[in-house]
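Asks: Sequence:
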Amino acid sequence: MTEITHNLFVGDDSDCASGLFSHIIHACKTCHQTALSYRDSLQSTHPNYLIYETESDLYLNMVDMERELLPLYTNPIMFAAMNFLDKYTKEHKILVHCNQGFSRSPSIVLLYCARKKIIPSTSYHDALKQFIELFPQYNPGRGIALYMEHNFQNLVEGTQ
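Quick note, the sequence shown lines up with residues 0 to 159 if you use numbering that gives the first Met the number 0.
Worth flagging that the hints you see were computed from the coordinates, not collected in a lab. Think of the CB as a built atom: it goes at the ideal place given N, C-alpha and C, for glycine as much as any other residue. Mixed in with the good hints, there may be bad ones.
Said to hold, decoys possible - Here are the simulated PhoX-like pairs of lysine-lysine, each with C-alpha atoms no more than 25 Å apart in a straight line:
{"#": "1", "residue 1": "Lys28", "residue 2": "Lys116"}
{"#": "2", "residue 1": "Lys116", "residue 2": "Lys128"}
{"#": "3", "residue 1": "Lys115", "residue 2": "Lys128"}
{"#": "4", "residue 1": "Lys116", "residue 2": "Lys86"}
{"#": "5", "residue 1": "Lys89", "residue 2": "Lys116"}
{"#": "6", "residue 1": "Lys86", "residue 2": "Lys28"}
{"#": "7", "residue 1": "Lys92", "residue 2": "Lys115"}
{"#": "8", "residue 1": "Lys92", "residue 2": "Lys116"}
What the hints assert, rightly or not - Pairwise CB distance ranges (calculated):
{"#": "9", "residue 1": "Ser55", "residue 2": "Thr29", "range": "36 to 44 Å"}
{"#": "10", "residue 1": "Gly157", "residue 2": "Ser55", "range": "22 to 30 Å"}
{"#": "11", "residue 1": "Glu156", "residue 2": "Thr33", "range": "27 to 35 Å"}
{"#": "12", "residue 1": "Glu2", "residue 2": "Thr44", "range": "18 to 26 Å"}
{"#": "13", "residue 1": "His5", "residue 2": "Asp39", "range": "21 to 29 Å"}
{"#": "14", "residue 1": "Glu65", "residue 2": "Lys92", "range": "14 to 22 Å"}
{"#": "15", "residue 1": "Ser43", "residue 2": "Ser17", "range": "12 to 20 Å"}
{"#": "16", "residue 1": "Leu35", "residue 2": "Lys115", "range": "16 to 24 Å"}
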């Protein structure tokens, strides 16, 4: 796990299981499935289809894929993550994790850092260059990289 900025860490499944964090963003379908007790897929009409939040955890129904992630589904996920981070990072150490800790979770943290002006927010490419200095292991999957590139300004500005 790596601390990117004060109280904000990127990690993987093993970091999540460590018990070191009171507040966690789970950017993986497997944790979403466990939290909501379902297998395979959740019905898209379920109220927690994309996002399930408790007092200390945010579960995101998020997967890595080759095709570009769709804003219809991914924007609400990203904005929920930004709200969670805004709410808790001042007082709590927060882990943002995905299965391997290289793609989804650091993409969320990259966006948060751009929104907070820790890294440039002018473009995804500018933010990416600076973020890699903070987290050299960043290796976004093709789907999330395309999504971030095509939606970055709207995400930074907080618009759909």
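Asks: So, for every hint listed, does it hold in this structure?
Replies: Quick rundown of the hints versus the structure:
no.: 1; hint: Lys28 x Lys116; verdict: violated (29 Å)
no.: 2; hint: Lys116 x Lys128; verdict: holds (14 Å)
no.: 3; hint: Lys115 x Lys128; verdict: holds (16 Å)
no.: 4; hint: Lys116 x Lys86; verdict: holds (17 Å)
no.: 5; hint: Lys89 x Lys116; verdict: holds (16 Å)
no.: 6; hint: Lys86 x Lys28; verdict: holds (23 Å)
no.: 7; hint: Lys92 x Lys115; verdict: holds (17 Å)
no.: 8; hint: Lys92 x Lys116; verdict: holds (20 Å)
no.: 9; hint: Ser55 x Thr29: 36 to 44 Å; verdict: violated (19 Å)
no.: 10; hint: Gly157 x Ser55: 22 to 30 Å; verdict: holds (24 Å)
no.: 11; hint: Glu156 x Thr33: 27 to 35 Å; verdict: holds (33 Å)
no.: 12; hint: Glu2 x Thr44: 18 to 26 Å; verdict: violated (39 Å)
no.: 13; hint: His5 x Asp39: 21 to 29 Å; verdict: violated (39 Å)
no.: 14; hint: Glu65 x Lys92: 14 to 22 Å; verdict: violated (33 Å)
no.: 15; hint: Ser43 x Ser17: 12 to 20 Å; verdict: violated (33 Å)
no.: 16; hint: Leu35 x Lys115: 16 to 24 Å; verdict: violated (30 Å)
Violated hints, in rising order: 1, 9, 12, 13, 14, 15, 16; the structure is consistent with all others.
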